[in-house]
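Chemist: Respectively, the protein sequence lines represent chains F and R.
Each residue of the first sequence is one higher than the one before, counting from 0 in numbering that gives the first Met the number 0.
Each residue of the second sequence is one higher than the one before, counting from 0 in numbering that gives the first Met the number 0.
Since the hints were derived computationally from the structure, they do not count as laboratory data.
Small disclaimer: the values here were computed from a predicted structure and weren't measured.
Please note: incorrect hints may appear among the correct ones.
Said to hold, decoys possible - Straight-line distance between alpha carbons at most 27 Å, and here's what the computed BS3-like set of lysine-lysine pairs gives:
1) R:LYS29 <-> R:LYS140
2) F:LYS97 <-> F:LYS13
3) F:LYS74 <-> R:LYS29
4) F:LYS97 <-> R:LYS227
5) R:LYS227 <-> R:LYS113
6) R:LYS159 <-> F:LYS97
7) R:LYS103 <-> F:LYS13
8) F:LYS74 <-> R:LYS140
9) R:LYS73 <-> R:LYS140
10) R:LYS159 <-> F:LYS13
11) R:LYS227 <-> F:LYS74
12) R:LYS103 <-> R:LYS113
13) F:LYS13 <-> R:LYS73
14) R:LYS103 <-> F:LYS74
15) R:LYS29 <-> F:LYS97
As the list claims (entries may be wrong) - Simulated coverage check for chain F against chain R, where a stretch passes if three residues somewhere in it have a Cβ under 8 Å from a Cβ of chain R:
16) 25 to 36
17) 47 to 58
Ideal Cβ placement from N, Cα and C applies to all residues, glycine included.
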Amino acid sequence: MGDKILSVRGLGIKFGSRSVIRNLSFDVCAGDNLAIIGPNGAGKTVLLKALLNFLSYEGEIRWAPNARIGYVPQKIAADRQMPVCVGDLLAAKAHVLKLSSARIGAVTSLVDLNPEILNTSIGTISGGQFQKALIAFALLGEPNVLLFDEPTASLDELAEERIYDLLERLQREQQLTILLVSHDLSIVYRAATKVLCVSKDLVCFGPPREVLTPSALEAMYSAPAKYYQHRRDIYDVSSNRKQHD
Amino acid sequence: MTEIGTIYGVILALLFAVAAGLVGSFALMKRMILAGDVISHIALPGLGLAFLLHFNPLLGGAATLFLGTLLIWKLQKETGLATEVATGVVFAGSLAIGAALTPKEDLIEALFGKFAQLSTGAFLIGVVAVVLIIYFVLHFKSALVLNLFSPDLAAATGVKLDRLNLLFLLVFSLTVLVGLRFFGAMLAGALIMIPAATGRRLAHDLSHFLVASSLASVLAVGLGFILKAYVFRSLDLGPTIVIVSAALFGLSLARSAA
Numbered sequence: 000m001g002d003k004i005l006s007v008r009g010l011g012i013k014f015g016s017r018s019v020i021r022n023l024s025f026d027v028c029a030g031d032n033l034a035i036i037g038p039n040g041a042g043k044t045v046l047l048k049a050l051l052n053f054l055s056y057e058g059e060i061r062w063a064p065n066a067r068i069g070y071v072p073q074k075i076a077a078d079r080q081m082p083v084c085v086g087d088l089l090a091a092k093a094h095v096l097k098l099s100s101a102r103i104g105a106v107t108s109l110v111d112l113n114p115e116i117l118n119t120s121i122g123t124i125s126g127g128q129f130q131k132a133l134i135a136f137a138l139l140g141e142p143n144v145l146l147f148d149e150p151t152a153s154l155d156e157l158a159e160e161r162i163y164d165l166l167e168r169l170q171r172e173q174q175l176t177i178l179l180v181s182h183d184l185s186i187v188y189r190a191a192t193k194v195l196c197v198s199k200d201l202v203c204f205g206p207p208r209e210v211l212t213p214s215a216l217e218a219m220y221s222a223p224a225k226y227y228q229h230r231r232d233i234y235d236v237s238s239n240r241k242q243h244d
Numbered sequence: 000m001t002e003i004g005t006i007y008g009v010i011l012a013l014l015f016a017v018a019a020g021l022v023g024s025f026a027l028m029k030r031m032i033l034a035g036d037v038i039s040h041i042a043l044p045g046l047g048l049a050f051l052l053h054f055n056p057l058l059g060g061a062a063t064l065f066l067g068t069l070l071i072w073k074l075q076k077e078t079g080l081a082t083e084v085a086t087g088v089v090f091a092g093s094l095a096i097g098a099a100l101t102p103k104e105d106l107i108e109a110l111f112g113k114f115a116q117l118s119t120g121a122f123l124i125g126v127v128a129v130v131l132i133i134y135f136v137l138h139f140k141s142a143l144v145l146n147l148f149s150p151d152l153a154a155a156t157g158v159k160l161d162r163l164n165l166l167f168l169l170v171f172s173l174t175v176l177v178g179l180r181f182f183g184a185m186l187a188g189a190l191i192m193i194p195a196a197t198g199r200r201l202a203h204d205l206s207h208f209l210v211a212s213s214l215a216s217v218l219a220v221g222l223g224f225i226l227k228a229y230v231f232r233s234l235d236l237g238p239t240i241v242i243v244s245a246a247l248f249g250l251s252l253a254r255s256a257a
């Protein structure tokens with residue numbers, strides 16, 4: 000196990016009077032692959048944003064002084080029809096960080112992104128290629144910690160598998176620490192060294208095979224059933240639960 | 000009326016065209032392309048006051064434009080309203096106040112501008128403003144692109160978003176202000192809007208987009224001057240340039256379809 004790279008103590012996050020995360024404490028060591036799981040609305044994305052210091056919070060978040068963080072968000076709000084190429088985005092980040100343009104070629108090959116993609120508009124590349132481009136973007140600046148917020152949420156199974164293979168290879172080759180929000184328990188079992196279950200309060204924390212017990216999963220996903228109106232259909236979230244059980 | 004004053008006017012108009020093309024490109028990507036048209040109306044109360052009290056209209060326009068811009072920025076920051084909503088509220092109020100204040104005989108000039116020869120001082124102030132605008136866009140191009148693509152990713156890269164957004168709005172307003180001299184409150188946003196739309200039709204990456212927008216803008220101003228001088232002498236300069244700009248956009252449609 001490596002040195003401690005992140006220490007979180009008594010973390011609390013509120014939006015107005017609504018408490019999203021309460022009294023959360025955990026540590027991450029260098030080289031860990033931490034999966035953050037929990038039901039929808041449990042505060043997983045909020046937690047990542049707090050770790051990135053995008054939100055105000057109570058408690059303590061302490062990164063090791065040598066931590067350099069790369070981030071792949073869940074959603075990109077950008078208009079994909081913008082006249083901007085993948086290479087424009089990577090060049091923009093390299094320029095802001097004052098990196099040499101040679102680093103762009105390096106991260107592109109690290110994630111197996113076809114160099115031709117650099118000259119392709121972000122609106123015309125596939126979801127899988129776009130995700131790889133975001134990972135290449137996160138890798139610029141040589142981070143030693145990568146934060147991923149559901150990196151495969153919009154991908155089909157094959158593309159999803161490729162992205163997770165890529166993440167595993169990157170972690171191995173670049174000695175990265177990875178914090179990954181995921182809904183996919185099979186990925187968590189396969190890749191994560193630790194799992195953090197959040198559902199307002201910490202439900203479990205530790206190696207997946209030890210802490211992802213049926214009772215922990217039940218505790219995490221057993222929020223009272225809610226009904227959501229979607230188009231003309233009504234879904235019961237408790238039926239979603241079965242996918243995770 | 001001196002020859003040199005006319006040359007100053009033409010040079011400043013062409014430099015303004017470059018600035019408007021660049022700012023317009025980012026305004027288009029920020030989906031605030033109509034804001035140029037709208038923000039220019041915020042200058043109207045200042046123009047009206049200036050005509051009423053007989054001081055330099057651009058000073059009056061500048062004062063209300065920058066106050067309005069700060070108000071829009073503050074409104075969207077404090078209330079979470081989208082830029083277009085905050086702009087819409089300030090714009091409508093300004094237009095009404097401006098229309099009430101401006102003496103009737105000056106209203107046409109306030110609304111559509113007038114090509115006047117420039118003194119050396121006015122020319123130099125205009126050039127400094129335009130150079131500042133072009134410098135800002137080129138210097139902050141990367142940060143602006145990151146912010147457009149994803150504010151979260153921009154912040155994670157170290158871009159100070161609040162400062163960048165405020166600076167962009169101020170530069171945007173400064174562009175409108177320089178344009179007021181030539182185009183008036185109604186058309187000052189036109190060169191921010193139309194050449195960027197033309198550039199968007201012709202380019203698929205950022206560099207080509209910025210170049211195409213600026214060229215379309217310079218071409219519109221250049222052709223506008225020539226047409227006004229030699230063909231349509233009775234037309235006002237501002238509307239002539241805007242008509243040429245719209246015609247270039249039409250041509251860009253034909254080229255893309257070809």
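Chemist: Which earlier hints turn out false for this structure, listed by number in ascending order?
Modeler: 2, 4, 7, 11, 14 and 16
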